[in-house]
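Peer 1: Given the structure of chain A, go ahead and fit chain B onto it with the hints provided.
Protein chains in written order, with my numbering: chain A, 1 to 494; chain B, 1 to 494.
Just so you know, these hints were derived from the structure itself, not from any lab. Note that beta-carbon positions come from the ideal geometry of N, C-alpha and C, so glycine has one too. Check before you lean on any hint, since a few could be wrong.
[Said to hold, decoys possible] Examples of chain A residues lying across from chain B (beta carbon under 7 Å, computed):
(1) His-4
(2) Arg-7
(3) Gly-239
(4) Asp-240
Protein chains: 2
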Amino acid sequence: MTDHLLRFRELTRTIADLERTQWLLNWDRQVMMPPAGAEQRSQELATLAAAVHGRACSAELGELLERLEASPGAQDLGQRADLRETRRRYDRAVKVPEQLVADHARICALAQPAWEEARARDAFDHFLPHLEQVIKVTREVADALGGDDPYDALLEDYEPGMTRADLDPLLTELERRLVPLLARIRDGGPQPDDQCLTRKMPVETQETFALAMAGDMGFDLTAGRLDRSAHPFTSGHVGDVRITGRFAEDRLATGLFAVIHETGHALYQQGLDPKRYRDPAGTYCSLGVHESQSRLWENMIARSPAFWTFYLPRLKRAFPGIMDDVSQDCFVAALNRVEPTMIRVEADEVTYNLHIVLRYRIEKSLLYGDLAPADLPTAWNEGMERLLGVTPRSHREGCLQDVHWAAGLIGYFPTYTLGNLLAAQLMLAILDDLPDLDDMLARGDLLPLRKWLGRKIHRHGKLHLAPALIQQATGKPLSTEPFLEYLEAKYLGQ
Amino acid sequence: MTDHLLRFRELTRTIADLERTQWLLNWDRQVMMPPAGAEQRSQELATLAAAVHGRACSAELGELLERLEASPGAQDLGQRADLRETRRRYDRAVKVPEQLVADHARICALAQPAWEEARARDAFDHFLPHLEQVIKVTREVADALGGDDPYDALLEDYEPGMTRADLDPLLTELERRLVPLLARIRDGGPQPDDQCLTRKMPVETQETFALAMAGDMGFDLTAGRLDRSAHPFTSGHVGDVRITGRFAEDRLATGLFAVIHETGHALYQQGLDPKRYRDPAGTYCSLGVHESQSRLWENMIARSPAFWTFYLPRLKRAFPGIMDDVSQDCFVAALNRVEPTMIRVEADEVTYNLHIVLRYRIEKSLLYGDLAPADLPTAWNEGMERLLGVTPRSHREGCLQDVHWAAGLIGYFPTYTLGNLLAAQLMLAILDDLPDLDDMLARGDLLPLRKWLGRKIHRHGKLHLAPALIQQATGKPLSTEPFLEYLEAKYLGQ
Chain A
1 MTDHLLRFRE
11 LTRTIADLER
21 TQWLLNWDRQ
31 VMMPPAGAEQ
41 RSQELATLAA
51 AVHGRACSAE
61 LGELLERLEA
71 SPGAQDLGQR
81 ADLRETRRRY
91 DRAVKVPEQL
101 VADHARICAL
111 AQPAWEEARA
121 RDAFDHFLPH
131 LEQVIKVTRE
141 VADALGGDDP
151 YDALLEDYEP
161 GMTRADLDPL
171 LTELERRLVP
181 LLARIRDGGP
191 QPDDQCLTRK
201 MPVETQETFA
211 LAMAGDMGFD
221 LTAGRLDRSA
231 HPFTSGHVGD
241 VRITGRFAED
251 RLATGLFAVI
261 HETGHALYQQ
271 GLDPKRYRDP
281 AGTYCSLGVH
291 ESQSRLWENM
301 IARSPAFWTF
311 YLPRLKRAFP
321 GIMDDVSQDC
331 FVAALNRVEP
341 TMIRVEADEV
351 TYNLHIVLRY
361 RIEKSLLYGD
371 LAPADLPTAW
381 NEGMERLLGV
391 TPRSHREGCL
401 QDVHWAAGLI
411 GYFPTYTLGN
421 LLAAQLMLAI
431 LDDLPDLDDM
441 LARGDLLPLR
451 KWLGRKIHRH
461 GKLHLAPALI
471 QQATGKPLST
481 EPFLEYLEAK
491 YLGQ
Chain B
1 MTDHLLRFRE
11 LTRTIADLER
21 TQWLLNWDRQ
31 VMMPPAGAEQ
41 RSQELATLAA
51 AVHGRACSAE
61 LGELLERLEA
71 SPGAQDLGQR
81 ADLRETRRRY
91 DRAVKVPEQL
101 VADHARICAL
111 AQPAWEEARA
121 RDAFDHFLPH
131 LEQVIKVTRE
141 VADALGGDDP
151 YDALLEDYEP
161 GMTRADLDPL
171 LTELERRLVP
181 LLARIRDGGP
191 QPDDQCLTRK
201 MPVETQETFA
211 LAMAGDMGFD
221 LTAGRLDRSA
231 HPFTSGHVGD
241 VRITGRFAED
251 RLATGLFAVI
261 HETGHALYQQ
271 GLDPKRYRDP
281 AGTYCSLGVH
291 ESQSRLWENM
301 IARSPAFWTF
311 YLPRLKRAFP
321 GIMDDVSQDC
331 FVAALNRVEP
341 TMIRVEADEV
351 TYNLHIVLRY
361 RIEKSLLYGD
371 LAPADLPTAW
381 NEGMERLLGV
391 TPRSHREGCL
401 QDVHWAAGLI
411 GYFPTYTLGN
421 LLAAQLMLAI
431 LDDLPDLDDM
441 LARGDLLPLR
451 KWLGRKIHRH
461 GKLHLAPALI
471 QQATGKPLST
481 EPFLEYLEAK
491 YLGQ
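Extracted from the complex, chain A is given alone in its bound form:
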């Protein structure tokens, strides 16, 4: 390896270490930190953000990039991908002043506890000044990044190479097909009873059961943890991957499916190539690809009858006397009940993406200045009524339900929909390779699926950008068809 390449490795790995440190500080903030620590933590995060940024656009890194790009001869696939990722990042980072990076980090770190309190008290006004600051500083970042469209500038962080021009038709098509699909499903008669999912079950047992499922899926607890937080999430990579859940006595499905969802993310993070995890292309491919992993496990697998052939008897034993009368058909039907509701993370597969359509439009309007933050609740409630026919009775079940905007994550929501689409598309490829998948699930043998995902997705990290990875794994570019066909087959029997 040349001296330049060695120094390039050293610099980029240092950046990775600092970013992993940011992840940990954020995890700790949400899971462990005492309330009075918020102010100092926001300063620490701002300092780290500035330190990462300073390195990511340092003159030395710029010179190394030019030298290494000029002599690509001896580079292998991984090195080329590392250069590509570093170049993209460098070109972006040099455009954003360090002070703006630190301001963004600090404002977002303070907005999150404010959001938590506002949500707990159902007090939008308490969050509003923070939201205004977040939108303002995010717009400043987008303007600094430049380009034709401020939303595209932000999206590039979450879904590299994807633009509004790609997203708009996908989401328009989903709205066009999902609204009538929802109407047809509802016209088809009453939805299944889900009373069996609201019986009181001790949260400790729920957590133990969920953790055992995560272990069966392949989550390695010597390299991970499960904790609780207000908003479930996954953090860390390779040897230290942490998921969080939230549990309530009368919300069995909410608790279990949050853990299954986060475990889908966690398997990706634990499955990254351990030889390349500190390198620029050694991380996950994109947020859409990440979400495909969680949604595939959560919806395609854990809402299937075969999965519960194995797990329902175990669930009954874990909660003796509580679920004895529940048949597998009833249980699976309850898990797949379609009903427009207020909360995105609890939405069924049919309505979920309509929640995203709403957020996607609102965050664009906020960013473009077409919608004032103070008018968010009104816009939210009108959108819910139009898309789903329901109106939130509180901010908590309305515009305060998600942490994303408080965390400065604007441009992030559409990646959830991309994940849903990709999960359905991956499932077709999986069934080609594992035609007896249902038999495996019914035996509780989840390993072949995990291995398939590891081989086709996890191991590659960011060697290829998402479009190439999707083409390679599924043989086709991303489209809405597999997902819509999956829903139509499942809910209309077509």
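Peer 2: Frame of chain A; chain B shown alone:
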């Protein structure tokens, strides 16, 4: 404020943020991190150490120091102290190459889990190669720092301004007086029975009781946490101060007193001036002063009869039926039993400093190369026999009992003794100001003591170095007399 001073503040506060981040990563490593995370955490810590070091000896900081030192006119006490601390640190940091700093951090981060495993398996050989690396890299750091004596070079980090020449006579005097004192106590007849401290008590209740005591002492749980770890410690400051304990069913005193000890540290960290906590002189004064806070609460207060006038009835209620027959006299006598034992952190007040004498001599020999790491167990056991008349039966209760050397903390142990001496000296000053302290303790009113410590010690941070702070708080320079007189009065009734 001048531009130079503003920039100086900004730079030094950035360093503080990165150091607090190191604290958190270390806390997490010992309390939360899954085992497979050790390797990547060691890299993150190495990167942070290098980032701190790079800033602490940056050319820009050096120039700012020179400019600000050249125009001291308008500076207040805090600014002068910030300059003094930054200068000392800068002059040290420029001597140590960044690579050596990163190596030191990485080697120590890896040595700690190895020590934990070696201790659990009682396998010194498993730790030996790590110890060799730690000693080697620490010696390299000491040599880079230069000066007359490598031990002095390290000590300066923990007890600024203190040298071997100060320590040697203190520790020699302690050995000279403590060995015969121990003999006289033992000649005085059998030690009190401590059977009441080995009764089985549920660890959850122990933890709850200990946490309530910590709250009574003034530990603010909205700005702190209590967790468990192999080796109890305190981390964090101001709005986020974390203590850890360890509990065993049949070791009530071990569990309670570890929490009281750490709470003594935690009150110091929570009591720092919230306006200056990111500034160079806004942190604690020295480790010796820190230890005086923990030892004062642990020994002078929580082993006193008055303290248990209040707490013993509460303890009996917390553990119904277990302690009913235990009188206050018997309980307090058991807590003050003097007996040479193997484990430093469980040693009584008389023998404790002999444990430090042993470690102080051994770590000097290791550093000077007079003792090979492989010969540590032999030297340890011989020293224990000579000083305390007992010989460890295992490495676990011998040279593997403390984390310090695994953590690269060489020059740290003597600060424990300094803390013991200072605690006794502070106690004389406290009794001058609060002559009815015993009445307060008997009522459970711990607030006046906490306030005294806050006013005399905590608030000042590092405005003054330890000798000046001690003179200011007690009216005298540090000496062994108050401590030895306290022991003689307590154990010989003189």
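Peer 1: Indicate, hint by hint, whether the structure satisfies it.
Peer 2: The hints, checked one at a time:
1. For His-4/A, the interface hint is violated, since its Cβ never comes within 7 Å of a Cβ in chain B; the closest pair sits about 18 Å apart.
2. For Arg-7/A, the interface hint is violated, the least distance from its beta-carbon to any beta-carbon of chain B being 13 Å, above 7 Å.
3. Interface restraint check: Gly-239/A against chain B, minimum CB-CB distance 4 Å, threshold 7 Å, status holds.
4. The interface hint given for Asp-240/A is met, as the beta carbon of that residue sits about 3 Å from the closest beta carbon of chain B, less than 7 Å.
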